Amino acid sequence: MSSVKRNIVRAMTKRLLFRNFAVLFWISGLTVASVIPVRSEPTVSAVRLGVHVDKTRIVIELSDRVDFRIFPMISPYRLVVDLPAMKWRAKPRLDFHRTGLVSGLRYGLFSSTASRIVLDLDMPARVKNSFILPPAGGKPYRLVLDIVKTSHINMTSNEQTSRHTVKPHVPPAREALLGPPGRKPDPMNFNKRVVVIDPGHGGVDPGAVTRNGILEKHVVLAAAKVFKKRLEQSGRYKVFLTRDRDVFVRLRDRIAFARSKNAELFVSLHADATKSRKVRGMSVYTLSERASDKEAAALAEKENKSDLIAGVDLSANSKEVTDILIDLAQRESMNESSRFASVLVDKMSGVGPLLPNSHRFAGFAVLKAPDVPSVLVELGFLSNERDARALLSGTHRTKVADALYRAVDEYFNPVE
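Under our numbering, residues 1 to 416 are what the sequence shown spells out, in order.
There's no promise every hint is true.
Label pairs and their in silico Cβ distance ranges [as the list claims (entries may be wrong)]: (1) Pro353 x Asn262: 34 to 40 Å; (2) Glu332 x Thr43: 46 to 52 Å; (3) Asp244 x Ala46: 44 to 50 Å.
Below are the BS3-like pairs computed for lysine-lysine, each with C-alpha atoms no more than 27 Å apart in a straight line [stated by the list, open to error]: (4) Lys91 x Lys225; (5) Lys192 x Lys399; (6) Lys55 x Lys128; (7) Lys149 x Lys55; (8) Lys192 x Lys238; (9) Lys229 x Lys261; (10) Lys278 x Lys399.
Worth flagging that the hints you see were computed from the coordinates, not collected in a lab.
All values reported here derive from a predicted model rather than from experimental measurement.
Here a beta-carbon is modelled for each residue, glycine too, at the ideal position from N, C-alpha and C.
Generate coordinates for the entire structure from the input sequences, incorporating the hints supplied.
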């Protein structure tokens, strides 16, 4: 038998053995998985508040008993309730008005393994009682929190941290046993440009919220996914999203993620809202030590509060995030960011209206990666009826994605 034939037979034998082993492994995995109960994530169906003579009561309706932790935060005053990752069926409280001690309420996924409820307070307060009620009278499990007034000192003491441990959620096991094997690195990716797309806000931080219930976090995630798909279809780009579902991501983690992927371009997508319903149009922002105008400064201040809104303790932030020194490397990135922004404004002009002075500058925290050219794109105003209608349109999203793609292409392959 020739050496060529031997190699062919050897290869066919290995392939046959591998197939048989894979089938046996799949069957054995199926047998094991069949004896392990598969449980879905617990669900939050409602979050209700009520005012009593001596307290403000918060009731969280749950599909299961879960582990939870409560802790206070100051500057501003907040109470935070951490829960495991859950499905949020509870609708956002768009019409929330001050209820007892609570002046604001937000909730949603905080990370891939945790959910968070944030209660804004106008004064120091503490949780006097916390307990879970079992299902009764057609109602599901209910986590009950009773909030009362307290002093600033008492609120910040360690004694105010409460933890109630009950039956923990067991994650599904079937996917772990029968999930597809990890994919080997694609050698073709080594020649691809790396682009990181950052859908703003997410999870417990909804971003801009309109009167009819449109949430910025959903709008920009949908736009980011279409943009990602358009880039990948070209075969020239390796694309990552800082989040691919409704989950909160810290600003500094978005920067760190882009750098960990060796990003050559970072594009953060947002959709603004203002008191005036007449203002509409897209715009592009890049980092600068000084804001180009008052509107840009105000927008940067609002976007930089994302971590605060989600109940993140900012006191532990590294100097890299809170006060990054704009050195030579960052200045080069800022120049490249401005170059991309100019190209982007040109491409987006054919999609819809632009704000006057469409390329603006301000101190956006999410753009402060010292070595990654970065831009923040405001796709329009959710407070404007025509912009909001366009942002919810699949056709418009495709046009925006195509304009963004053409800008990226021209940025990496400038026309001489």
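Status of the hints after comparison with the structure:
1. Pro353 x Asn262: 34 to 40 Å: holds (36 Å)
2. Glu332 x Thr43: 46 to 52 Å: Given range 46 to 52 Å: holds, Cβ gap about 48 Å.
3. Asp244 x Ala46: 44 to 50 Å: violated (27 Å)
4. Lys91 x Lys225: With a Cα-Cα distance of about 23 Å, the restraint between Lys91 and Lys225 holds, given a limit of 27 Å.
5. Lys192 x Lys399: holds (23 Å)
6. Lys55 x Lys128: Holds, because 9 Å separates the two Cα atoms, which is no more than 27 Å.
7. Lys149 x Lys55: holds (8 Å)
8. Lys192 x Lys238: Holds, at roughly 6 Å.
9. Lys229 x Lys261: holds (18 Å)
10. Lys278 x Lys399: holds (23 Å)
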